[in-house]
Amino acid sequence: MNQFGRTMKRGWPALLALALAPSCHHADPNQPAIPPDQLANAVEQARVDKQPAPPPPPRRLGYLLPADLAQLSGAPVCTLRLGDRPLLVAGTARALARIDGRATFLDVAGPMDAAAAFFRAPRATISIGRGIPVAPAADAPGTIWPVGVTVGGLPDIEDQKINASWSCRLRRGPGGTVREPGARL
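Under our numbering, the sequence shown has 22 at position 22, and the numbering climbs by one with no breaks.
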């Protein structure tokens, strides 16, 4: 047997004793396993973590501010909301949305009613569509519907997709024409 083997044969009990020494210490049974201040912090952190965080604003499409809404000259006929906050308000010819941090007017670029809408501005498009079919009799103007929203218009940025709610006082008439409530054909 070489020198290394003899040293290991004699030294392994000492190494084993050193390795097991910390585990032989018994804690006082009257002491808590976690100090009270650390326990209080852990309980508070768990309580805070369980509270739902408010939804963050979308990346490109932001919440409209009161100053933005003050720019409107008339009452909107359609509104896109996330929770209880407006993302877009639309009249019959144009809409207002906060895109990339700025209030932006968009043209109504397609039919707009309670089921769908399409808006366009330089460097921005907003497409709104209801994903569920609804019987015409149930499609009352002003009803709030869940919709999918796509914000695009920039070739170098991926389109943003969100779920929101859409209400519109416009309704589709015979032949697909969009009309305001009470309007005659």
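To be clear, the hints were calculated from the coordinates, so they are not data collected in a lab. Backbone N, C-alpha and C define an ideal beta-carbon position, used for all residues, glycine too. Among the hints, a few may not be true.
[Said to hold, decoys possible] Derived CB-CB ranges, DEER-like:
1. P66 <-> A33: 47 to 55 angstroms
2. A46 <-> A75: 42 to 50 angstroms
3. P111 <-> Q71: 34 to 42 angstroms
Do the Cβ positions of P66 and A33 conform to the proposed distance bound of 47 to 55 angstroms? Between P66 and A33, where Cβ atoms are some 53 angstroms apart, the hint holds.
Does 34 to 42 angstroms hold as the CB distance between P111 and Q71, or does it fail? violated (25 angstroms)
Go ahead and decide if the range 42 to 50 angstroms is satisfied by the Cβ distance of A46 to A75. The hinted range 42 to 50 angstroms holds for A46 and A75, with Cβ atoms some 47 angstroms apart.
Of the numbered hints given earlier, the model fails hint 3 alone.
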